[in-house]
Structures are given as C-alpha cells and as structure tokens.
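J.: Residue strings, one per chain:
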Amino acid sequence: MLPPLFRLAVVLPLLAGMAFAGPGGTLYESLGAKAGVAAISDTLIERVSSDPVLGRSFADTNLARIKKLLAEQICDLSGGPCHYSGDPMRQVHAGHHITEAEFYRMVDTLRAILKERHVSLSATNALLRLLAPMKRDVIEASSSKVPQR
Amino acid sequence: MNLPSQVRCGLLLLCVLSGTPAPASMVAVTVRTASGAAAEDALIVFEPRDAMPPPAKATVAIDQVNKRFVPRVTILRTGTAVTFPNSDNIRHQVYSFSAAKSFDLKLYAGSPKEDVVFDKPGLVILGCNIHDTMVGFVVVVDSPYFGRISPSGELALDLPPGHYSLRVWHPNLAAPLLPKEITVGAAAQGVSLVIDIDPKRDAVAPWP
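Residue numbers (the numbering used here), protein chains in the order written: chain Z, 1 to 149; chain X, 1 to 208.
Here chain Z stands alone, though its shape is the one from the complex (with noise of 0.2 angstroms):
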C-alpha cells in the first residue's frame, strides 16, 4: 500500500489528467499520442543526459530505458492507454542529490522541447501541472533514506 501522499501524488494528477480538454481531445492526443509522446521522451532525455549539469545524473545510464519508461509514465498520465511500470520517483531518484535548481532546469528543458513540437500552451500547461507533484519526491528523496514499500 502506498503512503497517503504518495497516494495524493498519484490521484491528483489523474484528476489533472482528465479535467484537460484540448482541441484533439484528450491531453495525450494532445501531445501526438503515442509517437508524440515517444518523441518527447526521447529528446528530454537525449539534452538533459548530454547537458553540462543535468548529464552527472544519467552517467552510465541506460537512457533506451529510460526513454522507455518515461514515456510510458507521460502516456499514463496524460490519459493514454500506458501503464507506468516503473518504479515510484522517490525511488528513482533516490541518492542522486537532485537540487530545485535541476528539477526546473529539466522543467525548462521539457517546455522548450513542447514549444518546438508546437504543443498548445494550455497542453504543455497540464502536462507540466501533472508533473509538478513529483517535485518533492525528485528533490526530497536525494537527501534522506529510500523509504521501503
């Protein structure tokens, strides 16, 4: 079972997720569906892996993966037919010592890329609104111990 605000975590993007109504429908239509999303994955991870400060925390990685999961995180969340198979953020996270400073640095990285893909404000807007929970879980968890399911 999942501690209450993770659970809090989970649902409140959901909601997010589905209070979104674009002209496509929904968000994730929005954002190409499946191979917009996958293309959004992949180039996140290809600049924030090769970026002079985020890179340090994708050394020796193997970002096919995590392109993979990524996207399929993005998918779910948006209202796509994924299912995240990943591990939870405090998890993935853990021990990286991720700063706010890099948490936005990515967030920034991500609207640009949105931004070139000519994804509509409000879209790129809920996706960074779903997303937005998972900061506590990047940044806290990188200074305390990995809490056990």
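No wet-lab data here; the hints were simulated from the structure.
Among the hints, a few may not be true.
Unchecked claim - The calculated DSS-like cross-link candidates involving lysine-lysine, where the alpha carbons are at most 27 angstroms apart (straight line), are:
id : chain 1 : residue 1 : chain 2 : residue 2
1  : X       : K67       : Z       : K135
2  : Z       : K68       : X       : K180
3  : Z       : K135      : X       : K106
4  : Z       : K67       : X       : K106
5  : X       : K120      : Z       : K68
Unchecked claim - Not close to chain X: a few residues of chain Z, all C-beta gaps over 12 angstroms, as computed:
id : residue
6  : R47
7  : V48
8  : V53
9  : A59
10 : Y84
11 : R90
12 : A94
13 : E100
14 : R105
15 : R111
16 : L121
17 : L128
18 : A132
19 : M134
Stated by the list, open to error - Estimated spans, in silico, between C-beta atoms of each pair:
id : chain 1 : residue 1 : chain 2 : residue 2 : range
20 : Z       : H97       : X       : K57       : 18 to 26 angstroms
21 : X       : A34       : Z       : R56       : 25 to 33 angstroms
22 : Z       : H118      : X       : P151      : 39 to 47 angstroms
23 : X       : V194      : Z       : E100      : 55 to 63 angstroms
24 : X       : V135      : Z       : P81       : 29 to 37 angstroms
25 : X       : V135      : Z       : E100      : 33 to 41 angstroms
Every value quoted in this text rests on a predicted model; they were computed, and no experiment measured them.
For each residue, glycine too, the CB sits at the ideal point set by N, CA and C.
Given the coordinates of chain Z, work out where chain X should sit on it, guided by the hints.
T.: Same frame as chain Z, but now just chain X:
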C-alpha cells in the same frame, strides 16, 4: 581453503575417531598472460577426478560500489547463496539471463537484500538494468577447490592428495583452454599457467 578435514578420508568414521586431520598439500598456481602480466581476475578450479566432496552451504556477497560489481569476477560452489548488497546510495537492478541462473533483483539503498541461490553449475553474467556499463561474472562449479587469481597473479590452495583437472577461466580469454591434469601428492608443488587474454574481445569467453 575451508575444506573439512574429514572429507578426504576413505573411512570417515576412522578418521573422526582417530582425530587425524586429512593430509593436504599446498598447490601454488601462477597465472600470467602471454605478455607476462599477472592475469588478475582469472579463476581457477581443481575438479577432483575421484570422488566429489559432499555439498556444503555457503554465502558470499557481490557488492555494488560506484556502479561496479565488486568483485567483478566471482567463483563459487553450486548451492551457494549470494547476497547482493548495494553500497551505492542509488538504486540498482541486477539481472541475469544466463541459463545457469536467471533472476531480476531490485536493490534500493538501505533495503533488505534477498539472497540468490546459484543451484546449477555454469557461467552467469550479471548486468544492471539501469546502468549499462555494469557487468559481472559468476562461475558456478561443483568442486570446493577454487579461487580467484590475485592481482599479483597467484593463488595457493591446500588440496587433499589425488588426481585433479585444473581449469582456468577469464572473461576475456581469447580461446578456451584444455584442463590440465594435476596429481597432488604429499609434497607442495607449483603450477604455472600462461593464458591468452584479449581485452578487446566483445563476447564473454565460454565456460567451461
């Protein structure tokens, strides 16, 4: 060498009663590469050609430190339980697809570790789903007489007298080697082996 002294006695009861330790002779093995360098990470095993000593329970650890398996190369006996601690504070996901033992283990920093029992002889290649560059090797053997060659290229074992086949393995072995027949008597002896290692070899050398 943690060999029970009774193991080599033909009449077990007699040995226990008399309290006579089984005789064992030191065999010092040196393994060098063709260029004369110490063959660090080479593994050796003496397979008894007579009777195999009975199985014994053991536990060994293969740690993960700075995104590396430590040790990188492990040799152990069939039935040994391996614990995979995680000394890194990031998570790892250790797996093997090898026929001798396949498993998938999620390891979080500070989490309880479940042991993996290596119950079949053979070569097991370890990887980490999260970190591409992590590669480790486990050779599982039936014999209790084995070890990893030291950084200076040596390993000494105490062996009961008898006939053995000595096998050597290294992940980058250029070509498989035939086992060397060794007879252990009452006196200590030295064995020198030269192996051909190709560090650029992509495929892992087969075992045995």
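J.: It remains to establish, for every hint, whether it holds in the given structure.
T.: Evaluated hints:
1. Of the supplied pair hints, the one linking K67 (chain X) and K135 (chain Z) holds, its CA atoms being roughly 25 angstroms apart against a limit of 27 angstroms.
2. Straight-line distance between C-alpha atoms of K68 (chain Z) and K180 (chain X) comes to about 49 angstroms, which puts the hinted pair past the 27 angstroms bound.
3. The hinted pair formed by K135 (chain Z) and K106 (chain X) meets the criterion: a straight-line CA distance of about 23 angstroms does not exceed 27 angstroms.
4. Using a Cα cut-off of 27 angstroms, the hinted pair K67 (chain Z) and K106 (chain X) holds, with the two alpha carbons roughly 19 angstroms apart.
5. Our distance criterion of 27 angstroms between C-alpha atoms is broken by K120 (chain X) and K68 (chain Z), whose separation comes to about 34 angstroms.
6. At the 12 angstroms boundary, the C-beta of R47 (chain Z) stays outside the reach of chain X, the nearest C-beta of that chain being 19 angstroms off.
7. A cut-off of 12 angstroms between C-beta atoms confirms that V48 (chain Z) is not in contact with chain X; the least separation is 16 angstroms.
8. Separation of V53 (chain Z) from chain X is adequate, the least Cβ-Cβ distance of about 18 angstroms exceeding the 12 angstroms criterion.
9. With 12 angstroms as the threshold on Cβ separation, the claim that A59 (chain Z) sits away from chain X is violated: the shortest Cβ distance comes to roughly 8 angstroms.
10. Non-interface call for Y84 (chain Z) relative to chain X: holds, since the shortest CB-CB distance, roughly 15 angstroms, exceeds 12 angstroms.
11. With a least beta-carbon separation of about 10 angstroms from chain X, R90 (chain Z) fails to lie farther than 12 angstroms from that chain, contradicting its non-interface assignment.
12. With a least CB separation of 6 angstroms from chain X, A94 (chain Z) falls inside the 12 angstroms interface cut-off, contrary to its annotation.
13. Distance check for E100 (chain Z) against chain X: the nearest CB is about 19 angstroms away, which clears 12 angstroms, and the non-interface claim stands.
14. Against chain X, the non-interface label of R105 (chain Z) holds: every CB pair exceeds 12 angstroms, the least being about 20 angstroms.
15. Every C-beta of chain X lies more than 12 angstroms from that of R111 (chain Z), the closest at about 26 angstroms, which supports listing it as non-interface.
16. A cut-off of 12 angstroms between C-beta atoms confirms that L121 (chain Z) is not in contact with chain X; the least separation is 34 angstroms.
17. With a least CB separation of 26 angstroms from chain X, L128 (chain Z) remains clear of the 12 angstroms interface cut-off, as annotated.
18. Separation of A132 (chain Z) from chain X is adequate, the least Cβ-Cβ distance of about 23 angstroms exceeding the 12 angstroms criterion.
19. At roughly 16 angstroms, the least C-beta separation between M134 (chain Z) and chain X is larger than 12 angstroms, which holds for a residue marked as non-interface.
20. Between H97 (chain Z) and K57 (chain X), the C-beta spacing of about 40 angstroms breaks the proposed range 18 to 26 angstroms.
21. Restraint check, A34 (chain X) to R56 (chain Z): a C-beta distance of roughly 39 angstroms breaks the suggested window 25 to 33 angstroms.
22. The hinted range of 39 to 47 angstroms is not satisfied by H118 (chain Z) and P151 (chain X), whose Cβ atoms lie roughly 58 angstroms apart.
23. Distance hint check for V194 (chain X) and E100 (chain Z): the Cβ-Cβ separation is about 57 angstroms, which falls inside the suggested range of 55 to 63 angstroms.
24. Taking 29 to 37 angstroms as the suggested C-beta distance range, the pair V135 (chain X) and P81 (chain Z) conforms, at roughly 36 angstroms.
25. For the hinted restraint 33 to 41 angstroms between V135 (chain X) and E100 (chain Z), the CB-CB distance of approximately 35 angstroms keeps it satisfied.
The structure fails hints 2, 5, 9, 11, 12, 20, 21 and 22 (numbered hints given earlier, in ascending order).
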